[in-house]
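In order, the protein sequences belong to chains A and B. Quick note on numbering: the first sequence equals residues 1 to 732 in UniProt numbering. Quick note on numbering: the second sequence equals residues 1 to 732 in UniProt numbering.
Honestly, I wouldn't trust all of these hints.
Put simply, identical chains are the same to the list, so a pair is met inside one copy or across any two.
[Stated by the list, open to error] Straight-line distance between alpha carbons at most 30 Å, and here's what the computed DSS-like set of lysine-lysine pairs gives:
1) Lys649 / Lys474
2) Lys107 / Lys637
3) Lys401 / Lys637
4) Lys477 / Lys538
Hint data in this document are derived by calculation from the structure and do not stem from the laboratory.
There are 2 protein chains.
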Amino acid sequence: MLKEVLLGVLTGAVALTIGILLGHFAIDKGSSVPDWVRDASRDVDESIIEKFLAELDTNQLRENLRELTKVPHMATTPGDEATVDFMLKRWQDPNTGLDSAWRENYKVYLSFPNKTSPNKVSVVDPANTVQFTAREREKVYKPDQEDPEVVQPYAAYSPAGNVKGKLVYANQGKMSDYELLNRTLDLTGTIAITRYGGEGRSKKAINAAKFGIVGVLVYTEPYDMNDGLVSESETYPHSWYLPPSGVERGSYNIDFGDLLTPYLAAKDDTYRIPKEDITGIPPIPAQPIGFEDAERLICELDGDDAPNEWQGSLNCTYKLGGPGFKSTSTFNNSNVHLDIYNTERLEYSANVMGIIRGSVEPDRYVIYGNHRDSWVHGAIDPSSGTAVMLEITRVLGKMVKEGKWRPRRSIIFGSWGAEEFGLIGSAEYTEEYFSKLSERTVAYINVDISVFANATLRASASPAAQSVIFTASKQVKAPGTTTTVYENWKQYSNRTSPNYGIIPNVGFLTGAGSDYAAFMHYLGITSMDISYFYDRSKTRARIYPAYHTAYDTFDYASTYIDPGFTSHQAVARTAGNVLVRLADSLLLPFNCSDYAESLDQYLGQAVTAFEEKLAAKGISMEPLKKAVQLFRDTAAKLDRLIRDSDLAKETPLKVRQMNDQLMLLDRAFLDPLAFPEQYGFRYEAVLLKHPATNDRSLMNLNRHPPNHSPFVHVMSHLFAITCNAVWHHTGM
Amino acid sequence: MLKEVLLGVLTGAVALTIGILLGHFAIDKGSSVPDWVRDASRDVDESIIEKFLAELDTNQLRENLRELTKVPHMATTPGDEATVDFMLKRWQDPNTGLDSAWRENYKVYLSFPNKTSPNKVSVVDPANTVQFTAREREKVYKPDQEDPEVVQPYAAYSPAGNVKGKLVYANQGKMSDYELLNRTLDLTGTIAITRYGGEGRSKKAINAAKFGIVGVLVYTEPYDMNDGLVSESETYPHSWYLPPSGVERGSYNIDFGDLLTPYLAAKDDTYRIPKEDITGIPPIPAQPIGFEDAERLICELDGDDAPNEWQGSLNCTYKLGGPGFKSTSTFNNSNVHLDIYNTERLEYSANVMGIIRGSVEPDRYVIYGNHRDSWVHGAIDPSSGTAVMLEITRVLGKMVKEGKWRPRRSIIFGSWGAEEFGLIGSAEYTEEYFSKLSERTVAYINVDISVFANATLRASASPAAQSVIFTASKQVKAPGTTTTVYENWKQYSNRTSPNYGIIPNVGFLTGAGSDYAAFMHYLGITSMDISYFYDRSKTRARIYPAYHTAYDTFDYASTYIDPGFTSHQAVARTAGNVLVRLADSLLLPFNCSDYAESLDQYLGQAVTAFEEKLAAKGISMEPLKKAVQLFRDTAAKLDRLIRDSDLAKETPLKVRQMNDQLMLLDRAFLDPLAFPEQYGFRYEAVLLKHPATNDRSLMNLNRHPPNHSPFVHVMSHLFAITCNAVWHHTGM
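Build the full structure now, drawing on both the sequences and the hints.
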């Protein structure tokens, strides 16, 4: 009986155990954990990142670039339309495309030269006999330059006009340059020749007009661009340097976005301001020329020697002009004649948009963009960036189509139109969807020219994004080295951080050099701009020498800039890694204390530059210092709170609250009232950075009486906006 | 053996079953459902609402009002400080208080009469002998009027000054009124007497100055306020009507918020504009007087009979003035003399803030507020509203302290300071925390004067909030009736809705009459203003007759306005119900289609008023019509999506996405550029409503050339902003 009892008990015990196990593990509880509970707390999957990085392929990058640069694709031309179709085909590919892709048109105000009446620059004697004519097209070295769609070099938005006058040399066309000339010369009725750099394109002409100058030429100085080299045998196709006939095209305007519809999306029905009300474009004709032609003009000039800093690499001592040419010249007594036939037209320009829908937070967007339009073939600008974008979308699209991955947040890809004319496509996009974008966008990643050169990574960004760029760049091998992109970068450009010691230097997005401008300055979205860049110890080049010329071709890019496409790959891996981390991280990888460190740094510069002068006027910088201190303290608190939280166990709404605080931090620095007349630049963290760099800033201090000056207004706004931003670190 | 086997099997089976049951039900699965999953999907608990409504008590309301009105509590006076302490004591009460409560100070620019040199209004003959002096204080009927802290009637922000001149009667002080006088009279150097109503207080003086008038008197016309009654025996303390000596005080300014710190919070360190730069205040002295004194002046006037619409209930035919008095009057040849001693001071004004922290979405705020400051005892304005707020916080605070309830979202209570001087406390609050508030605030509920009279509910609100006000008002019994507040309201004020048929009429928050202004117009937060109101068929009174006088006392309120405090209770129940629903609803009870219906309605008015005139100038309203249509279609889609969702089973992030769309809908109508010079009024859904009511609007059309007019600018912004708002209905 004992045995039986034991057996029964044993049987019972075994059965009980089996039952418990079955009951616990095999039978679904009615109130079982919904799938989304696990999904909601999922973080970045490092194995996905590894796989993604491994699949980004140099051959694909090369073929993307080859396809994109087959023909010139200036905004709204047939070549541009072909790239629209190409992008759509790729993004709608059933195996490697995105969830969806479409085009969005804007009707925008563009400026073109006249195909049948090309712009002319000539030297004419008093009897109007032409003594010299500048080239109308760049010299042909390869079939690319022969394409009839290569647009004549011109200054977009320069007015049409027929002007002539004695020539003067005005260096970079800064106000100070004209003022110097004006001390000894009567500039009224003259034509000025200026070199690129040092001042915005349009400002060279706007400044000139203030002195009565009637026309402006702009050339590329070989000292600035070619490290002094000027001969055909030393320039492309024999090197990366600009050939003597190469001309930098460009948009001659100050404001970004469509010029007729400021702050409104340029749709069919949108009100357009009268053309006469456009500001920021040249009031007098302007035309760019190559240094071969510039040499003919500058080296014949009469007058005093130009100052040392005005001299360049052309084969003569640069003189200021008599005005006009020296008496020993065949051009003696001759005028320079500009005959400009630019016309403005409303054209439909397309953005191509593509999305991957987020699985957990579809209403949070990471936007990645680049412009699509070029001036000519645009191999480096912008197609090197577009090639990278297409390779990123191919790999991510494939993972999505195969069901292997879907980001936590939505990803929006933007192939912007008409950037070269003033960041138009991206600006119109932000104007059309401004509330939606500002409410939902986590970050904007801009990769325009992806490879300027192949020495090192370069990144400019909101301080909040520094840490994710560092994380990503530490996981990518630097081409041609045995080290990481991060370590390599640190060797080329670094700073000493109070928090971290020596780290790579992340630039600030102060300007409006590419499509990040509307996202950062207008919407206050955390933005970054990523590329591969020069070894600055090896070249003085202002930018890669074929910039905006007919030589920026696939041949140029694949021969001289990145033959193995390994720098393209390094940028794709770094920017792509940042993208996936921003899209997948449970907690957004933004760091408030890094932000505070940058504010501190800017404040330090402002204090050094201004505190003493201000104190003399009875204006104290203490409130501003207090505000920055408060920002730093609360940022540290939020960082601590984040560090002490076990986010995977928290409610998704708690994580969302922290993410919203992080996402909206840059937005808190928007202040439309600090400079109401420059509404597009509302992002005022940048104000603190401005003193040394920008005239919308503390620099204006001395122009105004104390206490009632715009300076005090600005400082008060800075104080308020910093306090406002502090609240972003406080919960509830 | 069989038996044993059977026994064993049976034992085993029983044990297995027990085991399965234990395993399934008794042992917590490692991955069991976290508590927050249930919390996150919890919706409004109707039993909590019932309990809350039942506890709102008329006796408590009465005692709140008694306490709040013991002494005059004009902003920043000792009486105001006493109410600060009282609010804090109540909100920090351990048994019925809030989670926390504190004061926030702003240093604001206020205007006061001089206690030692009271303002004087007199009639003086050519030899400067005083023939008549207006009262300096209102007549004492009850001890309240004897309090030395009763401020002399004055026009806040009227400049100090000593002016005299011949008197003219200028009706309501509108531009058209002065223009009419100006046709036959030389107004230079005259004093105008005007009546309240028809035009803003400050504008009466600003308009006057344009005609060379040197001083303005403002009186309360008994026709407008007392249904014509003028005798002491018919007015307070014998009825609710204004006694002959009663004077309406008021702030004579146009802009809301502290006048020296526009768009910046008035903290110690904030930059203050020079006083000379203040706009919107009287350029000439102004002073309010009672109708007893007005009668002495108006009934002695010479000149033509005033137009019929200018006549009132004083005992004479109103004449325009010679200028000056009639020859048969003892005042013949005499001037009216204004001797004003107002002074401006910077004073610390306090907001008292209190919060109940949300359990699930603490970073979503429902804000409920009222100002605390009065002109004198302020029983109706604002203490009737403060009494309601305190009763709501008592009942909610008790539920929280007892652990019986905690709202899903956070509730913020604001007791604003210095509203009477221009909505200052609430405006500074929105300026200080503007990003945080605009990102996180679900709605703002304003209950200022809670009971004007006890006939019916009155509500003005963003169209999105109509439905929740209806829901709440259907659950409250209307005092003195057998029906609900909703049904009673519908009888007094209704409209025919295309969607719902006959419904109560919810007004639009177009003006800046109370503290909702900064929330609605500056931040675009869905706002509402709730009170109990007149039977308009029974009285013409502009407002309750003791408004802003020394007769607005507890005695007045409890004798004539709401003796049983049942209307106070009805407002507390309705507004409190709205508050709890906004705080607790899983999905925010906002309706996009109601919004679309209102836009349609406004558009209809604009089309009727302008389409023909515009067409004649070649301007089409079609784009605007299309935009509104698009808004309506996408709103309907979102409503359908919401209806078809089983939200309780959705991830909290999906619900949050919909809630964010609903919360931010009103924000999408902000457009700082539509009227850059009136930045405080950025909320432009209101533009469509404006044509009939406001000069920042389409009304300006005829002042400008076609196609380039501000009208087209505005219409284009309206179009853009409507399109922008459409995206709020679209997911991802």
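Right, here's what the structure says about each hint:
no.: 1; hint: Lys649 / Lys474; in the structure: within (28 Å within a copy, 41 Å between copies)
no.: 2; hint: Lys107 / Lys637; in the structure: between (48 Å within a copy, 29 Å between copies)
no.: 3; hint: Lys401 / Lys637; in the structure: between (42 Å within a copy, 28 Å between copies)
no.: 4; hint: Lys477 / Lys538; in the structure: within (22 Å within a copy, 84 Å between copies)
Comparing the model with each numbered hint stated earlier shows that all of them hold.
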